[in-house]
Amino acid sequence: MKKVATLFVTLFSFAVASPIESYMQMLEEIAKKENHNFKGFDAKRGEKIFFSKHIGKRGKEISCASCHTDDLTKPGENIFTGKNLEPLSPKVNPKRLSSVKKVKKWLKRNFKDVYKREGTAQEKGDVLMFILSK
Amino acid sequence: MKKYLIFVIVAGVFLGSGVSIIADDDEYKRDRIKKERSIYEQKHEYRLKSRYAEDNEHEDDENDEDDYKESKRIKKYENVTKTSQEYRLYKEECGSCHMAYQPEFLLKRSWEKMMQTLEDHFGTDASLEGEEYKKVYEYLMKNAADSKRVRGEFKEIAKSIAGYETPLRISETYYFKKEHRKIPAELVTQKEVKSIANCGACHKRAQDGIYSERDIFIPNYGKWDD
Chain A
77 MKKVATLFVT LFSFAVASPI ESYMQMLEEI AKKENHNFKG FDAKRGEKIF
127 FSKHIGKRGK EISCASCHTD DLTKPGENIF TGKNLEPLSP KVNPKRLSSV
177 KKVKKWLKRN FKDVYKREGT AQEKGDVLMF ILSK
Chain B
287 MKKYLIFVIV AGVFLGSGVS IIADDDEYKR DRIKKERSIY EQKHEYRLKS
337 RYAEDNEHED DENDEDDYKE SKRIKKYENV TKTSQEYRLY KEECGSCHMA
387 YQPEFLLKRS WEKMMQTLED HFGTDASLEG EEYKKVYEYL MKNAADSKRV
437 RGEFKEIAKS IAGYETPLRI SETYYFKKEH RKIPAELVTQ KEVKSIANCG
487 ACHKRAQDGI YSERDIFIPN YGKWDD
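Just so you know, the protein sequences line up as chains A and B, in that order. Residues 77 to 210 in the working numbering are what the first sequence spells out, letter by letter. Residues 287 to 512 in the working numbering are what the second sequence spells out, letter by letter.
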């Protein structure tokens, strides 16, 4: 009896989830397969990914914050082209994280720009968790 | 136990309907914003058009044939690119990191090469996939300088590209270099401009495809009279 009830609740939570939440659930599935000790995404780890500096694709030491700034509620600027960036925080900019297609595209591109490789499912989830928390 | 299950189901239905109402509301808002934006854009376009029409009327008074020619050219240009869906996609995809340079600036072979090297796009990953790749590619091919009749600086730049060249930077073309040769380097490298690729920093109407001299304003310098 209890099992039926839990199943019902889980199914329901899937149906209600926003696009970004379903995407993160998908990432979670992959992360679990890749790392057996995985216990859910962590905004703290995401924060570290966001702020740690690396020699990026252009040979210059950068982090995500180089363009998106230290305060995610403030607009940023592409340090190479000078183009303005809208704030990353969904709280001040509701357009952010509203399209999974865009989230995928930019996570792929920007990981390559800063880390010179694609992020793992866990890293992507952690960063998204961090952005959602700001 | 039965009570518990019933409670869960009732709560679920309640929550579900609440959420779907919120979702509907969001969609409604989005629709409204879209509608308002398109009305705004139409008005804006109308304003621009009537301004050029006025320019044409005053042509005799001012006796400025160049201005007349230019306004005609601008009108033509606006009709071609600004209204299309493809333009919006192009601007969205390419214009999120830098100015969405008009495709008319380069030849088909340059855009071809550009689209094949997006993974390393001047040191940045700008990769595109699927439908977006296809649409941007088609837009560039359709509007490249050698795909249609181009005028003004677009024509001059295209003319100055040698047969053996496939420039990826507009700023590498001979005409571009010639036109910018007198600008002191520190005006280009200053933080308000950053690089010669940042057209809009000085050409105030660059995004509209207008690069005429009277629309030039260089930060910390002012109007540019050649």
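In case anyone wonders, no lab produced these hints; they're calculated from the structure. Each residue gets a CB set at the ideal place from its N, CA and C atoms; glycine is no exception. Careful: at least some of the hints might be erroneous.
Heads up, simulated BS3-like pairs for lysine-lysine below, C-alpha to C-alpha not over 27 Å straight-line [to be verified]:
1. B:Lys399 / A:Lys192
2. A:Lys150 / B:Lys377
3. B:Lys421 / A:Lys180
4. A:Lys108 / B:Lys421
To give an idea of the chain B side of the interface with chain A (calculated C-beta under 10 Å), a few residues [what the hints assert, rightly or not]:
5. Gly381
6. Lys480
7. Asn506
8. Gly508
Are there hints from earlier that the structure breaks, and if so, what are their numbers? 4, 7 and 8
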